[in-house]
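Number of protein chains: 10
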Amino acid sequence: MTIPAITQKLLAAKQIQGLSFTDLEKILGRDEVWIAALFYRQASASEDEASKLVEALGLGPDVASELTEYPLKGLGPVVPTDPLIYRFYEIMQVYGMPLKEVIQEKFGDGIMSAIDFTMDVEKETDPKGDRVKLTMSGKFLPYKKW
Amino acid sequence: MTIPAITQKLLAAKQIQGLSFTDLEKILGRDEVWIAALFYRQASASEDEASKLVEALGLGPDVASELTEYPLKGLGPVVPTDPLIYRFYEIMQVYGMPLKEVIQEKFGDGIMSAIDFTMDVEKETDPKGDRVKLTMSGKFLPYKKW
Amino acid sequence: MTIPAITQKLLAAKQIQGLSFTDLEKILGRDEVWIAALFYRQASASEDEASKLVEALGLGPDVASELTEYPLKGLGPVVPTDPLIYRFYEIMQVYGMPLKEVIQEKFGDGIMSAIDFTMDVEKETDPKGDRVKLTMSGKFLPYKKW
Amino acid sequence: MTIPAITQKLLAAKQIQGLSFTDLEKILGRDEVWIAALFYRQASASEDEASKLVEALGLGPDVASELTEYPLKGLGPVVPTDPLIYRFYEIMQVYGMPLKEVIQEKFGDGIMSAIDFTMDVEKETDPKGDRVKLTMSGKFLPYKKW
Amino acid sequence: MTIPAITQKLLAAKQIQGLSFTDLEKILGRDEVWIAALFYRQASASEDEASKLVEALGLGPDVASELTEYPLKGLGPVVPTDPLIYRFYEIMQVYGMPLKEVIQEKFGDGIMSAIDFTMDVEKETDPKGDRVKLTMSGKFLPYKKW
Amino acid sequence: MTIPAITQKLLAAKQIQGLSFTDLEKILGRDEVWIAALFYRQASASEDEASKLVEALGLGPDVASELTEYPLKGLGPVVPTDPLIYRFYEIMQVYGMPLKEVIQEKFGDGIMSAIDFTMDVEKETDPKGDRVKLTMSGKFLPYKKW
Amino acid sequence: MTIPAITQKLLAAKQIQGLSFTDLEKILGRDEVWIAALFYRQASASEDEASKLVEALGLGPDVASELTEYPLKGLGPVVPTDPLIYRFYEIMQVYGMPLKEVIQEKFGDGIMSAIDFTMDVEKETDPKGDRVKLTMSGKFLPYKKW
Amino acid sequence: MTIPAITQKLLAAKQIQGLSFTDLEKILGRDEVWIAALFYRQASASEDEASKLVEALGLGPDVASELTEYPLKGLGPVVPTDPLIYRFYEIMQVYGMPLKEVIQEKFGDGIMSAIDFTMDVEKETDPKGDRVKLTMSGKFLPYKKW
Amino acid sequence: MTIPAITQKLLAAKQIQGLSFTDLEKILGRDEVWIAALFYRQASASEDEASKLVEALGLGPDVASELTEYPLKGLGPVVPTDPLIYRFYEIMQVYGMPLKEVIQEKFGDGIMSAIDFTMDVEKETDPKGDRVKLTMSGKFLPYKKW
Amino acid sequence: MTIPAITQKLLAAKQIQGLSFTDLEKILGRDEVWIAALFYRQASASEDEASKLVEALGLGPDVASELTEYPLKGLGPVVPTDPLIYRFYEIMQVYGMPLKEVIQEKFGDGIMSAIDFTMDVEKETDPKGDRVKLTMSGKFLPYKKW
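Residue numbers (UniProt numbering), protein chains in the order written: chain A, 1 to 146; chain B, 1 to 146; chain C, 1 to 146; chain D, 1 to 146; chain E, 1 to 146; chain F, 1 to 146; chain G, 1 to 146; chain H, 1 to 146; chain I, 1 to 146; chain J, 1 to 146.
Simulated from the structure, these hints should not be mistaken for laboratory data. Treat the hints with care, as some may be off.
To be verified - Cross-link-like lysine-lysine pairs, in silico, DSS-like; alpha carbons within 27 Å at most: (1) K106(G) to K106(H); (2) K106(C) to K106(D); (3) K9(I) to K9(E); (4) K9(F) to K128(J); (5) K9(J) to K123(I); (6) K144(I) to K144(J); (7) K9(I) to K128(G); (8) K128(G) to K106(H); (9) K145(A) to K9(D); (10) K144(F) to K128(I); (11) K9(H) to K123(G); (12) K123(G) to K145(B); (13) K9(J) to K106(H); (14) K123(H) to K144(B); (15) K133(A) to K144(B).
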C-alpha cells in the first residue's frame with residue numbers, strides 16, 4: 001500500500017495542532033470520515049475547503065493546491081492484512097451474497113452507489129463493551145435497459 | 001464462488017411460498033440479513049430456528065439438520081466481479097484507511113469485531129432516487145497487551 | 001470462465017430458429033448487445049421481455065422464469081485470454097489513465113456509471129477494411145461530499 | 001501503477017499554462033484522448049507534434065525528444081482500483097462475452113484492432129444528469145487461415 | 001487448462017485413421033499448425049473445411065458443425081507448466097524486450113499482428129542433433145494516430 | 001519490469017552514435033536480436049565482444065566488464081501489458097497446444113531448447129502491409145529415460 | 001515484506017546494549033513476544049512503556065513517540081518464504097480444518113480472537129533435541145445472531 | 001478447498017454414533033486434534049488405529065484401508081476465508097517476524113519442526129469469556145552447515 | 001492439482017500385486033523414479049515398456065496404449081502445499097541463487113537440462129536418523145550465441 | 001527478487017581477489033554451495049567462519065558481523081524466471097509427485113528435511129557434453145503422532 005507523501009504531512013500537522021477529525025468536522029463543515037478520506041487523497045476538496053483545512057493545520061498553499069486535484073483512488077492491497085481493515089473485507093466475503101439478496105428484494109436489479117455515497121462512524125457506549133456503529137448511505141442505481 | 005447446494009433449495013422454496021426475507025424476519029424473530037446469511041450457509045441456526053424456517057418453507061428435517069451445522073464461511077472470490085458486491089469492496093479500497101484513522105481516534109488501538117456484529121439494510125425514499133441505508137454495529141475489541 | 005448452462009440453450013435455440021441478435025432486437029424492442037447480455041445472464045428481463053424471447057426461440061416458461069432472476073454478474077477471468085475480449089482489456093491498460101484525465105477535465109471528480117449505461121455496436125464499411133464502431137453512454141456520477 | 005516522471009512534468013506545465021486537452025487538440029491537430037495518451041507515454045509523437053506540444057507547454061527540447069521515443073505501453077494494475085477506470089474493467093467483465101457474440105455475428109471470426117484504433121469522449125447534456133459518451137472505432141481484423 | 005471435449009474426439013479419430021497432421025495438410029490444403037489449432041478449437045473452419053476434415057477422420061456432421069463455430073480462444077494457464085510450452089514463454093520473458101527493440105527499429109511504433117498471422121514448423125536435420133525451426137509471419141500494424 | 005540501469009546507458013549511447021542494431025550486427029559479427037538481448041542483460045558477452053561493443057558506442061571498460069557477467073535472466077512481468085510483447089504471449093496461449101502436437105508428431109517426446117537457440121527478425125515487404133518474419137531455431141531435446 | 005525503518009534501529013540498539021528480549025521482559029513488565037511485536041510495529045505502546053523501552057535501549061524521545069502510534073499491521077507476504085515462518089503457515093494449511101472441528105466441538109460456532117490474544121514461547125529441554133513450546137490464548141467469540 | 005470425500009463419511013458417522021473427538025481420543029489413545037487431522041486426510045493411521053476408528057464409527061474395512069495411505073497434505077486456500085481459520089493466518093502475518101526473533105534468540109538459527117510436532121486445544125473457563133488455549137510443541141531443528 | 005485418472009488405476013493395481021517401485025525397476029529395467037513419473041503421466045513409455053508394465057500390474061492394453069502417449073506435463077500447483085514436496089520448493093527459494101553462482105563458476109553461462117536429466121533416490125542409514133539421498137544429473141547446456 | 005546489498009559487496013571482493021568458491025571451500029572448511037548461500041544471506045556464519053571469510057576477501061569486521069546474523073531466508077520470486085533456476089522448479093512440477101511416492105515407499109509418511117540438509121555440485125565430464133551432478137542429502141523426518 002502506497003500512502004501518499006501528503007498524507008504524512010497532514011497527519012503530522014494535525015497531531016502538532018492537537019486537532020481531532022471531529023474538530024476538523026466543525027471547521028470544514030464536512031464529516032470526519034470524508035476529511036480523513038481527503039487526508040489519504042481519496043477525495044478532492046474545493047478551493048474553499050482546501051484553504052480552511054490548511055489554515056487550521058498551519059500548512060501552506062501548495063498543500064491546499066494539491067488537495068483540489070482529482071486523485072487516483074484505491075489504496076489496496078487486494079486482500080488487506082491490517083486486522084481493522086481486513087474485518088470489513090471479511091464482512092463482504094461472509095455477508096456479501098446475503099446482502100445482495102436483501103438489497104435486490106427491496107430495490108430490484110441494481111446496485112448501491114459507492115459514488116453518491118456517505119459514511120458515518122459513531123461510538124455506541126455499551127456496558128458489555130463499546131460498539132462501532134457504521135452507517136453507509138448510497139443511492140440505489142437500477143440497471144438501465146436499452 | 002461455490003454457492004452451497006442447499007442455498008438453491010432454500011431460495012427456490014422461498015419463491016414458491018411467496019415469502020420475502022422481511023416475512024421470514026417476522027417468522028423467525030431474526031433480522032432478514034442474518035436469515036439471508038443462513039440461506040448462504042454463512043451462519044448456523046439453533047434447532048428451533050431451523051425448524052421454524054423449514055416449516056415456513058415447506059422443506060424437510062434434513063434441511064433443518066444441515067442448517068444447524070457450523071459452516072465453513074467466506075464465499076469469495078478474492079476480488080468480487082458482481083457489481084453490487086464489488087461496490088462494497090471498492091468502499092474498503094477507497095475508505096478503508098480513512099475509516100481506520102477515525103475508528104482509532106475514537107476508540108484507540110483495536111478493531112471492530114466482525115463476529116460480535118450485526119448488520120441492517122433499510123430503504124430510504126428520496127425524490128432524487130431511493131437510497132440504500134446499511135448500518136453495521138460491531139463490538140470494539142482493544143488489542144490485549146501481555 | 002463459467003458460462004451459465006442456460007446460455008448454451010439460448011444460443012442453440014437461436015441458431016435453430018435462424019435468428020440473429022439483430023432480429024431479436026426487433027422482436028424485443030431492446031438493443032442486441034443488451035439481449036446478448038441477457039443470454040449470458042448478465043442482465044435480467046421483465047416477465048414480458050422474457051415471454052417474448054422464449055416464444056421467439058421456441059423455448060419453455062422455465063427458461064423465461066430463469067431470465068427474470070437477478071443474476072450474479074461478471075464472467076471473468078481476471079485477465080481475459082480470448083483475443084477479441086483481451087483487446088478491450090488492453091485498451092483500458094493503455095488508455096485508462098488518459099481517459100480519466102479527459103473525463104475529469106470535462107466533468108470534474110466522478111465516474112461514468114456502468115449501471116446507468118448503454119452500449120451499441122455498429123459495422124462501418126471502409127475500403128481499407130471494415131471497422132467496429134462501439135459507442136458507450138454512461139451517466140456521469142460526481143463524487144458526493146458529506 | 002508507475003506513472004512516468006515526464007507525465008507529472010507535462011501535467012504541471014499544462015496547468016501552469018492554463019491549457020485544457022481540448023485546447024491542445026486545436027494546437028496539435030490531434031484528438032484530446034490521443035494527446036492525453038501521449039502525456040502518459042502510451043503513444044509516441046512525430047518530431048513535429050512533439051515540438052508543437054513542448055512549445056505550447058513552455059517545455060524544452062529534451063521533453064520533445066523523449067516524446068518521440070516508442071514507449072513500453074500498459075499502465076496496469078491487473079485489476080484497477082480507481083473507480084473511474086474500474087468501471088471500464090467491469091464493463092468488460094459483464095459485457096465482454098455479449099460483445100463478442102454481437103461482433104462475431106456482424107463480422108465473422110476475428111477481433112477489433114486496438115492498434116488501428118481511435119477513441120473519442122463527448123459530454124452529452126441531459127436534464128437527468130449529463131452523460132459520458134465514449135466512441136471507439138477499431139479496424140476489424142479477420143483471422144487469417146494458412 | 002480445459003481441453004475441449006471435441007479435441008479428444010478428434011485426436012482419437014486421427015490416431016485410429018493413422019493420419020498425421022502432415023497428411024491432413026494435404027487433405028485440407030491448410031497448414032498442419034492451423035489444423036492442430038482447429039483440433040484445439042483455437043480456430044474456426046469453413047463448412048467445406050469442416051466437411052473434408054470429418055470425412056477424413058470418419059466423424060459425423062455434428063463434429064463438423066461444431067468446428068465452424070467461432071470459439072472462445074486461449075487455453076491458459078497464465079504460466080504454462082508443460083516444459084515444451086513453457087520454453088516459448090521463457091523465450092518471451094528473456095527475449096521479449098530485445099525483440100521489441102529490433103522490431104521497432106525496423107518498422108516504427110506498432111506491433112506484429114497475432115491475427116493476420118501464420119506459423120510454420122519444420123524439422124532441420126543436424127548431425128549435432130535435429131532442430132525445430134519455427135517461422136512466424138504477422139502483418140505489422142502501426143499505431144494509428146487520431 | 002525492472003530494466004537494468006546499464007540498458008539505458010547502452011541505448012542512449014547507441015542513439016548518440018547514430019547506430020542501429022543492424023549496424024552493430026556488422027561490427028560484432030553477432031545477430032541484432034542477440035545484441036539487443038545483450039543490451040537488456042539477457043545474454044553475456046565474451047571479453048572481445050564486450051570490447052568491440054563499448055568501443056563502437058563510445059563507452060568505458062566498466063561497461064564492458066559488466067557485459068561479461070552472467071546475468072539473472074527473465075524480465076517479466078508474468079503477463080506482459082505492452083501490446084507488442086503481449087501478442088507473442090497470446091500466440092502461446094492460442095497456439096501453444098497445437099504447436100506441442102505438431103512438434104511431438106515430428107520429433108517425439110521432448111522439447112525445443114530455449115538455450116541452444118537462435119532467433120531472427122526480418123521485414124517482408126508486402127503491398128497489403130509489411131510483415132514481421134520471425135524465425136526461431138532450437139535444438140530438439142528428447143526426454144532422457146533412465 | 002517491508003520491515004519498518006524503526007525496527008532496524010531498535011534491533012541495533014538492543015544488540016549494542018547487549019539486551020535480550022527476556023531482559024526487556026523484566027524491564028517493561030510485558031512478554032518478550034509482545035515486545036518483539038512492538039519492535040516490528042505490530043503493536044503500540046503506552047507512553048510509559050515507550051519511555052522505559054527507549055531508556056533501556058539508549059534511544060531518544062522521537063522513537064518513543066513513534067512507538068505509541070497505532071500502526072498499520074500485517075507484514076506479509078501472502079505465502080511466507082522464510083522457513084521458520086513458513087512452518088506456521090504450513091501448520092494452518094495442514095491442521096486448520098481439524099482445529100476448526102475441535103474448537104467448534106468444544107465452544108460452538110465462533111472464533112478464537114486474534115485481538116484479545118496472548119502468545120508465549122518456551123524452550124523445552126529434551127535429550128532427543130530441544131523443543132519449541134508455543135502457547136496461544138485467545139478469547140472465544142461466539143457468532144452474534146441478530 | 002477440496003475436502004476429501006472420506007471426510008464427509010467420517011464426520012457423518014461420528015455424528016450418527018454421537019461421538020465427540022474427545023470420546024475418540026479415549027478410544028484411539030491419540031489426541032483429538034490428530035484424530036481430526038486423520039478425518040481430513042492430513043495424517044495417516046497405522047492399521048491398528050484405523051481398525052479401532054472404523055469400528056467405533058461403524059464403518060467398513062475400505063475406509064480403514066484408505067486411512068492408512070499417506071495422503072497429499074495441505075488443504076488451502078492460500079489465504080483462508082473462513083474467519084476461524086483466517087485468525088491463525090492473521091496471527092502469522094502480525095506476529096510471524098516477532099516470533100522468529102524470539103525463537104532465534106532462544107535457540108539460534110533454525111526452525112520449529114512442523115513434522116516432529118504436536119498440538120493441543122483446551123478450553124479455559126474465564127468469567128470475562130472462555131478462552132481457547134492452543135499449545136504447539138515442535139522439535140527445534142538447527143540449520144546444518146556443510 | 002489434477003492427478004490423472006490412470007494414476008489411481010496404476011497405483012491401485014501396484015498395491016494389489018504387492019509390488020514396490022523397486023520391484024518394477026527390475027521388471028522394466030528403468031529407475032523407480034522414472035517409473036513413478038510414468039505412473040503420474042509425466043513421462044511416456046515405449047510400447048515395450050508399457051507392455052511389460054501392464055503385464056506386471058495385471059492391467060489391459062488400453063492402459064498400455066495410454067502410457068505411450070506424450071503427456072501434458074507439470075502437476076502444479078504454483079506453490080505446493082504438501083510438506084514433502086514443498087521442502088524441494090523451499091530448497092530452490094533458499095539455495096537457488098547460490099546454486100546458480102556455483103554452477104556458473106564451474107560451467108559458464110548456461111543451464112542444467114531438465115530434459116536430458118536423471119534423478120535417483122537412495123536411503124542412507126544413519127544412527128542419528130536415516131537420510132534421503134537425492135542425486136540429479138543433467139547435461140549442461142551453454143547459451144548459444146548467434 | 002531483492003538481492004541483499006552485502007551480496008554485491010562479497011561477490012565484487014571475491015572477483016577482485018580472484019578467488020573461486022572452490023578456493024573459499026579450502027579456506028573455510030565448508031562446502032562451496034553453503035558458502036554461496038552465505039554470500040546471499042541464506043545462511044549464518046559463526047564468528048570464526050565470518051572472520052576467515054572477510055580476511056580472505058579483504059573486507060572489514062562490519063561485514064563479518066552482518067554475516068553472523070540470522071537472516072530472513074527465501075529469495076523468491078514465486079515462479080523463478082531465470083532459466084537456470086526455473087529448471088529446478090520445473091523438476092519439482094514434473095517429478096514432485098513421483099518423488100513423493102518413492103520416498104514414502106522407502107521411508108513411510110514423512111518428509112526430507114530442508115534444514116538438516118546438505119547439497120553438493122560436481123562437474124561430470126562427458127564426451128556428449130559435460131553434466132551437472134547435484135547431490136542432496138536430508139534427514140528423513142517421520143510424522144509424529146500424538
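Each hint tested on the structure:
| no. | hint | in the structure |
| --- | --- | --- |
| 1 | K106(G) to K106(H) | violated, 33 Å |
| 2 | K106(C) to K106(D) | violated, 33 Å |
| 3 | K9(I) to K9(E) | holds, 22 Å |
| 4 | K9(F) to K128(J) | violated, 40 Å |
| 5 | K9(J) to K123(I) | violated, 40 Å |
| 6 | K144(I) to K144(J) | violated, 50 Å |
| 7 | K9(I) to K128(G) | violated, 41 Å |
| 8 | K128(G) to K106(H) | holds, 17 Å |
| 9 | K145(A) to K9(D) | violated, 43 Å |
| 10 | K144(F) to K128(I) | violated, 36 Å |
| 11 | K9(H) to K123(G) | violated, 40 Å |
| 12 | K123(G) to K145(B) | holds, 22 Å |
| 13 | K9(J) to K106(H) | violated, 30 Å |
| 14 | K123(H) to K144(B) | holds, 19 Å |
| 15 | K133(A) to K144(B) | holds, 22 Å |
Of the numbered hints given earlier, the model fails hints 1, 2, 4, 5, 6, 7, 9, 10, 11 and 13; all others are met.
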